[in-house]
Amino acid sequence: MNKIENQKAWFFVLPVLALVAFNAIIPLMTVVNYSVQETFGDNTFFWAGVMWFEQVLTSERFHASLGRQMIFTFSILAIEIPLGVLIALTMPRKGPWVPVCLVLMALPLLIPWNVVGAMWNIFALPDIGLLGRTLNAIGFDYNFTRQPGDAWFTMILMDVWHWTSLVVLLAYAGLVSIPDAYYQAAKIDGAKPLAIFRYIQLPKMKRVLTIAILLRFMDSFMIYTEPFVLTGGGPGNSTTLLSIDLVKIALGQFDLGPAAAMSLIYFLIILAMSWVFYTVMMRNEAN
Amino acid sequence: MAKITLKGLRHSYMPNPSKPTDYALQQLDVDWEDGGAYALLGPSGCGKTTLLNIISGLLTPSHGEILFDGQDVTRMQPDERHIAQVFQFPVVYDTMTVYDNLAFPLRNRGVAEAEVDKRVREIAEMIDLTSTLDKRASGLTADGKQKISLGRGLVRTDVNVIMFDEPLTVIDPHLKWQLRSKLKELHQRVRTTMIYVTHDQTEALTFADKVVVMKDGQVVQIGTPVDLFERPQHTFVGHFIGSPGMNVLPCQVKGGKAFYEGIELGSWNASACKYEEGLELGVRPEFVKLSDAGVPVEIAKVSDAGRFQIVHTRKGDHSIKLLVPEGVEIPEKHAHLAFRSDHTQVYRDGWLVSGDNSHE
Numbered sequence: 001m002n003k004i005e006n007q008k009a010w011f012f013v014l015p016v017l018a019l020v021a022f023n024a025i026i027p028l029m030t031v032v033n034y035s036v037q038e039t040f041g042d043n044t045f046f047w048a049g050v051m052w053f054e055q056v057l058t059s060e061r062f063h064a065s066l067g068r069q070m071i072f073t074f075s076i077l078a079i080e081i082p083l084g085v086l087i088a089l090t091m092p093r094k095g096p097w098v099p100v101c102l103v104l105m106a107l108p109l110l111i112p113w114n115v116v117g118a119m120w121n122i123f124a125l126p127d128i129g130l131l132g133r134t135l136n137a138i139g140f141d142y143n144f145t146r147q148p149g150d151a152w153f154t155m156i157l158m159d160v161w162h163w164t165s166l167v168v169l170l171a172y173a174g175l176v177s178i179p180d181a182y183y184q185a186a187k188i189d190g191a192k193p194l195a196i197f198r199y200i201q202l203p204k205m206k207r208v209l210t211i212a213i214l215l216r217f218m219d220s221f222m223i224y225t226e227p228f229v230l231t232g233g234g235p236g237n238s239t240t241l242l243s244i245d246l247v248k249i250a251l252g253q254f255d256l257g258p259a260a261a262m263s264l265i266y267f268l269i270i271l272a273m274s275w276v277f278y279t280v281m282m283r284n285e286a287n
Numbered sequence: 001m002a003k004i005t006l007k008g009l010r011h012s013y014m015p016n017p018s019k020p021t022d023y024a025l026q027q028l029d030v031d032w033e034d035g036g037a038y039a040l041l042g043p044s045g046c047g048k049t050t051l052l053n054i055i056s057g058l059l060t061p062s063h064g065e066i067l068f069d070g071q072d073v074t075r076m077q078p079d080e081r082h083i084a085q086v087f088q089f090p091v092v093y094d095t096m097t098v099y100d101n102l103a104f105p106l107r108n109r110g111v112a113e114a115e116v117d118k119r120v121r122e123i124a125e126m127i128d129l130t131s132t133l134d135k136r137a138s139g140l141t142a143d144g145k146q147k148i149s150l151g152r153g154l155v156r157t158d159v160n161v162i163m164f165d166e167p168l169t170v171i172d173p174h175l176k177w178q179l180r181s182k183l184k185e186l187h188q189r190v191r192t193t194m195i196y197v198t199h200d201q202t203e204a205l206t207f208a209d210k211v212v213v214m215k216d217g218q219v220v221q222i223g224t225p226v227d228l229f230e231r232p233q234h235t236f237v238g239h240f241i242g243s244p245g246m247n248v249l250p251c252q253v254k255g256g257k258a259f260y261e262g263i264e265l266g267s268w269n270a271s272a273c274k275y276e277e278g279l280e281l282g283v284r285p286e287f288v289k290l291s292d293a294g295v296p297v298e299i300a301k302v303s304d305a306g307r308f309q310i311v312h313t314r315k316g317d318h319s320i321k322l323l324v325p326e327g328v329e330i331p332e333k334h335a336h337l338a339f340r341s342d343h344t345q346v347y348r349d350g351w352l353v354s355g356d357n358s359h360e
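Residue numbers (UniProt numbering), protein chains in the order written: chain A, 1 to 287; chain B, 1 to 360.
Possibly wrong hints are sitting among the right ones.
Stated by the list, open to error - In silico lysine to any residue, SDA-like type, Cα no more than 25 Å apart, as pairs: (1) A/K192 - B/N160; (2) A/K94 - B/T60; (3) A/K192 - B/K321; (4) A/K206 - B/G45; (5) A/K187 - B/R75; (6) A/K187 - B/K321; (7) A/K187 - B/P250; (8) A/K206 - B/T95; (9) A/K192 - B/P250; (10) B/K210 - B/G45; (11) A/K192 - B/D79; (12) A/K204 - A/F228; (13) A/K187 - B/A37; (14) B/K321 - B/P250; (15) A/K94 - B/F89; (16) A/K187 - B/E80.
Stated by the list, open to error - A few chain B residues facing chain A, derived, Cβ under 10 Å: (17) A84; (18) W268; (19) G316.
Rather than coming from a laboratory, the hints here were simulated on the basis of the structure. Note that CB positions come from ideal geometry on N, CA and C, so glycine has one too.
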C-alpha cells in the first residue's frame, strides 16, 4: 500500500512542541543544569557531578520530610477514598436532589487553596476559632500552633474537607454509569447490599477509583499552599512536608544546587510511585 | 413452577393517570399456563418490558394483581417470587469466574456447597459452558455472557418462570439462530415456564408455543403461531406478523356478502357481520392469486425473495401484495386477483368480526 507522504503535518505540530518546550522541557533542563553545578555567587558555576544528589539522598533532613510526606499522603488516602465512596453510595441517583448534591459536593473544590489554608487557620485558632474554641470548651487541650499532634490533626482534617469531594464526584460518576439491569439482576439473584457493593459497584467503580487515587496521590504529594498557610511547616519542623522543605532550601537558604537535586528526586519519586501504582491497579484488568 | 395469572392489571408511570393514554398498560387479564413457552411480541413502546417487569416484581402495578398458582404475589420482591430474568444486555459479575457467576444465586440463598457444585456443573453442561467454568466472566463474548445470565436462572430449582427481555439484541446474527434453538431445546428439557419478550416475529414464532401480541399497552391476540397467521384477531396482528404483512382493504358488507369497490369477494365471516361502518377486509399475500377474473389491478413492482416473488399491485390508492411461486409468469401491466375466501376476513374498527361480538 502506498502511504501518502505529507511532511507538512510537522508544521502543525510545531506550536505544541514549542509550547511544551517552553513550559516543561526548558524549565526542567535549567533545574537539571543547577543540580550538577556549584556556585559561589557572581553568576559563576563549577561542575559538581552527582554531589548534590548524594548529599540530598543521605541527608537526615530529607529523610524526615519524605517520611512526613508519606505519612500525610497515605493518611489522607486512607480516609478520603473510603469516605468518598461511602458518600457517593448514599447520594441519590435520580431526582431533583441530584444537582443539589453535586453542587454542594463541588463547592470545596472551587475555593482557592490559600483561602482554604487561611479559613482553616482561623477556624482552628484555639482562642477565637470556632473549631479551636469548641474543642477546648469540651475539654480537649487543643492548640495546633504549639502541639504537633494537633497540627497534624488539623492539616489532615483540612485536606479531607477540601478534597474528599473529588473522590465523591469520581466515584459517583462510576456509580451512575452502572445500568439498572445489574441491580435488577442482583435483586433477582437474591444478593444482599454488601454483595452488590462487592460484586457490582466496586468492580464498576474500579477505573474511576484508580484515577481518583492517582490524582489524590499526586496532588497530596505535591501539596504546598494549604499546609503552608495553615501551619507554615510548624510547630518546629513537625508539619514540614517535602514541598515546604524544598522551598525553604531553594528560596530561604538559596542553595540552588541541593534544591535542584531535591526537585529532581522529588519528581522522580512521584513519577515512579504513580507508575507502580497504576501498573498494579491495572494488572488485574489485563487478565 | 407455577401458573401465572394476571387479573385486571393496569399500570401507569404517572402518579395520577386520568385518561387511557396515561397508561403504559391497559386492562390485562391473561393466564400463563405452567410450563409453557410464551413470547410477548409487539413493537417498541407497546408495554412489553413494563409487563415483564411487573411479572418479575421489579415494578409494582398501579392496579390489579398477579397470582402465582393462585397466590397473590403483587407486593412481593423479585427474590421472593422465585423468578429469573435474562436482560437485553448481558449482566454478568465481571470479577467472578463463570463458575462463581452460576453459583451466585445459590450461595446467596445459603445452599450447601456440595449441592451448589452439583447444580453448577449440571447446568454448565446443559448450556455448553463446562470448558469455560474457570474463566473470568468478563472475558466471554456476548453470547457466552447471555448464557451465563440464563444459567443463573436455570441453576435454581425453585424458579417459577424465566423471563427474557429481548435477549438476542447484542448477539451476532449467525449465533442468534444457534442460541434460539438452544433455548427451545432447554425449554423442552426443563419445562419451566418461559416468557420471551421480543419485537422480532421470527424469534417469537420459532421460540414460543403461544405468542401474546401487544399493541399500545393492550393484548390484541394470544395464540399459536398458526393462529396468528391464519386467523389474525386484529388487523395489527395481520400487519405485524408475516412478511409482507396482511393486505387490508376498505369494504362494505351487504346481506352477508363482502364487497370491495363494488366487486363481491368471498369471505368466511361476512355473514356474521351486521355492521356497515368501519369495515375492512383482510387477506394475507399468501392467499391472493393471479387469476382470469376478480379484482382488476395494475402491477407496480415485483421483488424476488428467492423461492417466491412478492408482487406489488395497485388498485386506485390501495396497494395489494401477493406471493407468486418462483418461475410463474407475471403479466406486464394489468392483472386480475382472486382471494381465497376461507382466508379472507372482515374486520370492524380493526377487530375481527365474529358471531359473539366479543369486542363490543
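Results for each hint:
no.: 1; hint: A/K192 - B/N160; in the structure: holds (21 Å)
no.: 2; hint: A/K94 - B/T60; in the structure: holds (19 Å)
no.: 3; hint: A/K192 - B/K321; in the structure: violated (57 Å)
no.: 4; hint: A/K206 - B/G45; in the structure: violated (35 Å)
no.: 5; hint: A/K187 - B/R75; in the structure: holds (15 Å)
no.: 6; hint: A/K187 - B/K321; in the structure: violated (49 Å)
no.: 7; hint: A/K187 - B/P250; in the structure: violated (51 Å)
no.: 8; hint: A/K206 - B/T95; in the structure: holds (11 Å)
no.: 9; hint: A/K192 - B/P250; in the structure: violated (59 Å)
no.: 10; hint: B/K210 - B/G45; in the structure: holds (21 Å)
no.: 11; hint: A/K192 - B/D79; in the structure: holds (11 Å)
no.: 12; hint: A/K204 - A/F228; in the structure: violated (37 Å)
no.: 13; hint: A/K187 - B/A37; in the structure: holds (24 Å)
no.: 14; hint: B/K321 - B/P250; in the structure: holds (15 Å)
no.: 15; hint: A/K94 - B/F89; in the structure: holds (21 Å)
no.: 16; hint: A/K187 - B/E80; in the structure: holds (10 Å)
no.: 17; hint: A84; in the structure: holds (6 Å)
no.: 18; hint: W268; in the structure: violated (46 Å)
no.: 19; hint: G316; in the structure: violated (49 Å)
Of the numbered hints stated above, those contradicted by the structure are hints 3, 4, 6, 7, 9, 12, 18 and 19, listed in ascending order.
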